Amino acid sequence: MTNEECFNAWAPEEGVWSRWAKPSLFTQRPGISSPALRSWPESHEYLWLSQGSRTALVVDLPGVESVETGMAMARRGYRPIPLYNTSAGPSALVNVAELIEALASGAMALRDLTLSPDAPPAFLIDADRMRPAVPSNPGSYDNRWVVFPQDFPSGTFLRSRGIADLVVLHDRGGVQEDLAHVLLRWQEAGIQMRALAPGDVSPRELTVKKPSWFRRAWYRAIIVAGLRRNNAGGFGSVIPTAGGGGYG
Amino acid sequence: MPFRVDASSPLPWQTVDPLSPKLFVPLRRRIIFDCCKWDPQVEDVSTIADIPLVLPARVWRELASLAELLASEVMAAETELRGRPDLHGRLSLPRAVRRVLGDRPERNTRGIARLVRFDFHHTTSGWRISEANSDVPGGLNEASGLSELMAGYYPGTVPAGDTAGAYACAMRASLGAGAHVAFVHATAYSDDRQVMTYLARRFAASEVRASLISPAHLRWHSGRARLDTAWSSETVDALVRFFPGEWLPNLPSDCGWTHFFAGGSTPVSNPASAILTQSKRFPLTWDALRTPMPTWRSLLPETRDPREVPWRDGEEWVLKPALGRVGEDIGMRGVTESKQWRQLSRNVRWFPSGWAAQRRFVATAFRVRGVDLYPSVGIYTIDGHAAGAYGRIAERPLIDGRARDAAVLVSIDDEEGDARPSRPTPVLAWVTR
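Going down the list, the sequences are from chains A and B.
FYI, in the numbering used here the residues of the first sequence are 1 to 248.
FYI, in the numbering used here the residues of the second sequence are 1 to 433.
In short, the hints are calculated from the structure, not lab data.
Just so it is clear, the structure is predicted and the values come from calculations on it, not from any experiment.
Take the hints with a grain of salt, since some may be wrong.
What the hints assert, rightly or not - Sample of chain A residues with no beta-carbon within 12 Å of chain B, all distances over it, derived:
no.: 1; residue: 24
no.: 2; residue: 52
no.: 3; residue: 197
Said to hold, decoys possible - Estimated spans, in silico, between C-beta atoms of each pair:
no.: 4; chain 1: A; residue 1: 116; chain 2: B; residue 2: 25; range: 42 to 50 Å
no.: 5; chain 1: B; residue 1: 94; chain 2: A; residue 2: 91; range: 29 to 37 Å
no.: 6; chain 1: B; residue 1: 337; chain 2: A; residue 2: 199; range: 27 to 35 Å
Think of the CB as a built atom: it goes at the ideal place given N, C-alpha and C, for glycine as much as any other residue.
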């Protein structure tokens, strides 16, 4: 299965939500070897989600767990949409190698599922996107990333496809600030919000509060510049050399 | 797909039909995987236009010639400005940048394969440029990859050059086969990473090896750059910088960012002194330069310090941040949303020296599916030679982040007596180098 075939399995051309799928990790899987077969456990935590629901999901869970949850949702009729907007590299801070392999394995399983082109979306992101898996050593490859509202469909588009409510599945860290910027825009567009934390039996109502810099035209510039000021040419802070002053 | 030649049209574009969804959707996939286009969607908008800009060969030749004249003038101006620190204050450069540029200008870091993009717009008064991207011009994936793919659907056309291929050839010609080039960029930005990955692929095809690194992965010894990463400590033969010059001072001093400006013996494409002409306030220095700028003066609309012109009173002036990128924060009364216009106006009143006021031109549009579309054609030059084109199409007369990338094609059968050349000059020279 080639990288492109993997991407096509996750984001079929006829799918309503396929346009938003991020291709970057799919382009970086080395070689064209067949993905490893893996089992995708059914999670009973999500039995509250009824079949045929028009609730959208944002799966913000750590690493491979986000893919596994996406696959569980696919079996419940959801179209999982990978939004991992990062890249692989030597000595990378965020471990994406397992994620890349999980996506490839998931592609094989998705090919065997029949999902409606208009199936409700489950947007998949990695809760560890700003949490380095390895110590930030000088010379490491900084591949941390954040999400922006531009990475998702607008609230208007969601509503046009019959999506009126949304559940965020997050880890113990809660709803992260970059995602809060996205959720608040949707909330303002009239999308009802709920959240499911680890250990919750069913989702709770979620009211997103205004994050700092919300809706400033230069929010993107600020977040990038602020992070750059402290980081090695990307998001996050410059990894100082030993004994070096660095920034922050 | 058919295209029609209308010799009586006052517009420089040729009329073509957009690709049908049946053709466009698979093409979009090809762009993603063949051309490393990883950001094909921004919120609800596809960033790839389903229609190309098709230029008659004579128009392409005209634009290519103008771009080469502009490149010649801007390189001469940069050299002169490098030795005129008294003028740097007019450009609104960060203090740290002014300091390093003003310190021993004769130690300028050597340039190699100088890449510049000039953004042309067709107006009611003919061709004009809105700006030059002389520091870190982007759009290379789309300029080379998208145009190549799109040309296959429009018989009788060829891509308007191949900038990435010409760039690789220029590097190889200077450094030789087997050279090692480091691509310096913001590694965590997928937007930047995709350009570097695509270029690395194209350089490899020309037998030039690439390492993709952040500026913090470099160390300089006696002016020579080498990698300082967890995976390599090799020296490099040249650097391709895809990290804006004004951001370099944000890096720790250990990584020797000043060498991008001065004191580096490893050649850089582009040396950071390019920021001198990247500033939108560059025209404010012209009257003090010995370098004549006739082509720039004829093509760039009048540009002034905002304090000198009545920009508040009407729609005659466009406000631009001195170091703005991809159309960010450009203010056009009547086009910019009113809330944003108020914010920009306040900023210009408080910090006028950080802005330029440019006389507004009236761009001509073409109509597709009942919608007026405003195109721009960015012409790249490499070491002064036209190399390719980057098209963008907007639904309003402002090219910014909402504009879509468009292929730029050249029709090869539109001129009388034209013996159907396989590639219009000067593209031919660069494609076949």
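- Item | Violated hints - listed by number, lowest first | Numbers 1, 4 and 6, in rising order.
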